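K.L.:
Assemble the whole structure, with the sequences as input and the hints as a guide.
Residues per chain, in single letters:
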Amino acid sequence: EPEVTQTPSHQVTQMGQEVILRCVPISNHLYFYWYRQILGQKVEFLVSFYNNEISEKSEIFDDQFSVERPDGSNFTLKIRSTKLEDSAMYFCASSPGGVETQYFGPGTRLLVL
Amino acid sequence: GENVEQHPSTLSVQEGDSAVIKCTYSDSASNYFPWYKQELGKGPQLIIDIRSNVGEKKDQRIAVTLNKTAKHFSLHITETQPEDSAVYFCAPQGGAQKLVFGQGTRLTINP
Chain S
705 EPEVTQTPSH QVTQMGQEVI LRCVPISNHL YFYWYRQILG QKVEFLVSFY
755 NNEISEKSEI FDDQFSVERP DGSNFTLKIR STKLEDSAMY FCASSPGGVE
805 TQYFGPGTRL LVL
Chain G
32 GENVEQHPST LSVQEGDSAV IKCTYSDSAS NYFPWYKQEL GKGPQLIIDI
82 RSNVGEKKDQ RIAVTLNKTA KHFSLHITET QPEDSAVYFC APQGGAQKLV
132 FGQGTRLTIN P
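Going down the list, the sequences are from chains S and G.
For what it's worth, the working numbering labels the leading residue of the first sequence as 705, then goes sequentially.
For what it's worth, the working numbering labels the leading residue of the second sequence as 32, then goes sequentially.
Rather than coming from a laboratory, the hints here were simulated on the basis of the structure.
Hints should not be assumed to be uniformly reliable.
Unchecked claim - From the structure, some residues in chain S lie toward chain G, with a derived Cβ separation under 10 Å:
1) 710
2) 735
3) 748
4) 754
5) 769
6) 770
7) 772
8) 795
9) 797
10) 801
11) 810
12) 811
13) 813
14) 817
Just so we're clear, the structure is a prediction, and the values are computed from it rather than from any experiment.
Glycine residues also receive a C-beta, built at the ideal position from the N, C-alpha and C atoms.
P.N.:
Structure (structure tokens):
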């Protein structure tokens, strides 16, 4: 069964450093998403991406964040200058259409020191 | 913005009993209502979903009921088993693509 994959599974970085989180969505899906979950809290939407552009973003997704689909298979989330409060689990998801089931990857645990 | 509330926040039931978790939402444009299960250290996994043109959907031991007038939908798990222990999230979707997650319900099944 196809699934969303994410790398790395864990990332430790120093405050102020740039990080890139990588995702491979399910191959025939058209919509891609990033969510995050701070430890012990609910999952929060960051951004959705369709047709090579951002279709929606939350207030969390400020100028420090960017997303890219550099080729036909990868979908990345970049945090330009990490802050302590960026420490969280980051989940990538994909769906075949806009109002359809979103399939989540296993997540990347980001720790900013 | 969308307001989603989930109750209870924790639920403990005896193995074999039923569990019910309720989710209320505020966005009347919501038309897709999924429930996700999250096990420790893993991503959310869809367990059942319902769309606004039906009131109930069942898949073996799991069912979801929707009351669009009252803006709530519920997850029902019957004949609970130890492997049902997890955190469950409702995540209604509105006109945009994003899912708005509730705060989660930690379900514990006691043997």
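K.L.:
Are any of the numbered hints broken by this structure? If so, which, sorted upward?
P.N.:
Hints 5, 6, 7, 14 contradicted; others consistent.
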